[in-house]
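Trainee: Here is what each chain is made of, one letter per residue.
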Amino acid sequence: KAGVTQTPRYLIKTRGQQVTLSCSPISGHRSVSWYQQTPGQGLQFLFEYFSETQRNKGNFPGRFSGRQFSNSRSEMNVSTLELGDSALYLCASSLAGGVSSGANVLTFGAGSRLTVL
Amino acid sequence: GEDVEQSLFLSVREGDSSVINCTYTDSSSTYLYWYKQEPGAGLQLLTYIFSNMDMKQDQRLTVLLNKKDKHLSLRIADTQTGDSAIYFCAEIYGQNFVFGPGTRLSVLP
Chain A
1 KAGVTQTPRY LIKTRGQQVT LSCSPISGHR SVSWYQQTPG QGLQFLFEYF
51 SETQRNKGNF PGRFSGRQFS NSRSEMNVST LELGDSALYL CASSLAGGVS
101 SGANVLTFGA GSRLTVL
Chain B
1 GEDVEQSLFL SVREGDSSVI NCTYTDSSST YLYWYKQEPG AGLQLLTYIF
51 SNMDMKQDQR LTVLLNKKDK HLSLRIADTQ TGDSAIYFCA EIYGQNFVFG
101 PGTRLSVLP
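Protein chains in written order, with my numbering: chain A, 1 to 117; chain B, 1 to 109.
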């Protein structure tokens, strides 16, 4: 069974540009969550999508947005990039997401490493 | 607010046991998780424990949960160089996963 696939794995942008990252979840998983990982802030929750709807959102500015398609694939977009947006962006999928009965196990992709110059 | 705490670094000798500690915030957390991150990779689920359990053992891994003190620990027996990684504990706070800062485990030969 294929895992969570994130593309691109690495990218370099300059300040002011925008970027779109893609995540293909495990087949059958309907929830996709995004996290930003930096050495200083650790893992921070960006947002979660379930059945094409944003269900939860972390404390990030509106420059960070996302969407989910009918096949559960998800994209996140960062506009007007800043140097501080340099990070590893991790996507995770799960069957149901959020608080659900049973252990809600997140399966992570390898991440997209964004460098902003 | 939510705050999961871990010590940042741990060094052990190969063959010794490693114990990684974590304190969490939400006493109503139903499940608590341990994830492992190797260099250049995403997070990989190691194990999780249901909140009505005190202990869970899975091969070389032992998880201990003290709900009263909101303390979670992960013990790795016979630690190997391949165990060198960052270990994250996590809880579900509200509807979101909250991860600790991660403990970087270094295994010395």
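Check each hint, because a few of them may be wrong.
[Said to hold, decoys possible] For each label pair, taking beta carbons as the anchor points, the in silico distance ranges come out as:
(1) VAL105/A - GLU14/B: 24 to 32 Å
(2) ASN71/A - ASP69/B: 40 to 48 Å
(3) GLN44/B - GLU52/A: 42 to 50 Å
(4) ASP16/B - GLU82/A: 26 to 34 Å
[What the hints assert, rightly or not] Some, not all, of what chain A presents toward chain B, calculated at C-beta under 8 Å:
(5) GLY42
(6) LEU43
(7) ASN56
(8) PHE60
(9) PRO61
(10) GLY62
(11) LEU81
(12) GLY84
(13) LEU90
(14) PHE108
(15) ALA110
(16) THR115
(17) VAL116
In case anyone wonders, no lab produced these hints; they're calculated from the structure.
We treat Cβ as the ideally placed atom computed from N, Cα and C, and that holds for glycine.
Trainee: If a hint holds in the structure, say so; if it doesn't, say that too.
Mentor: Here is what the structure says about each hint:
1. VAL105/A - GLU14/B: 24 to 32 Å: Since the Cβ atoms of VAL105/A and GLU14/B sit about 30 Å apart, the hinted range of 24 to 32 Å holds.
2. ASN71/A - ASP69/B: 40 to 48 Å: holds (44 Å)
3. GLN44/B - GLU52/A: 42 to 50 Å: violated (28 Å)
4. ASP16/B - GLU82/A: 26 to 34 Å: violated (44 Å)
5. GLY42: Hint on GLY42/A: holds, closest Cβ of chain B at ~5 Å, below 8 Å.
6. LEU43: With a minimum Cβ separation of about 4 Å from chain B (threshold 8 Å), the hint on LEU43/A holds.
7. ASN56: Holds - the Cβ of ASN56/A comes within 8 Å of chain B, reaching about 5 Å at its closest.
8. PHE60: Where the cut-off is 8 Å and the nearest Cβ of chain B is about 13 Å from PHE60/A, the hint is violated.
9. PRO61: Given a least distance of 18 Å, the restraint on PRO61/A is violated.
10. GLY62: violated (19 Å)
11. LEU81: violated (22 Å)
12. GLY84: violated (18 Å)
13. LEU90: Holds - the Cβ of LEU90/A comes within 8 Å of chain B, reaching about 5 Å at its closest.
14. PHE108: holds (4 Å)
15. ALA110: Holds, because the Cβ-Cβ distance from ALA110/A to chain B comes to roughly 5 Å (cut-off 8 Å).
16. THR115: Violated, because the Cβ-Cβ distance from THR115/A to chain B comes to roughly 14 Å (cut-off 8 Å).
17. VAL116: violated (19 Å)
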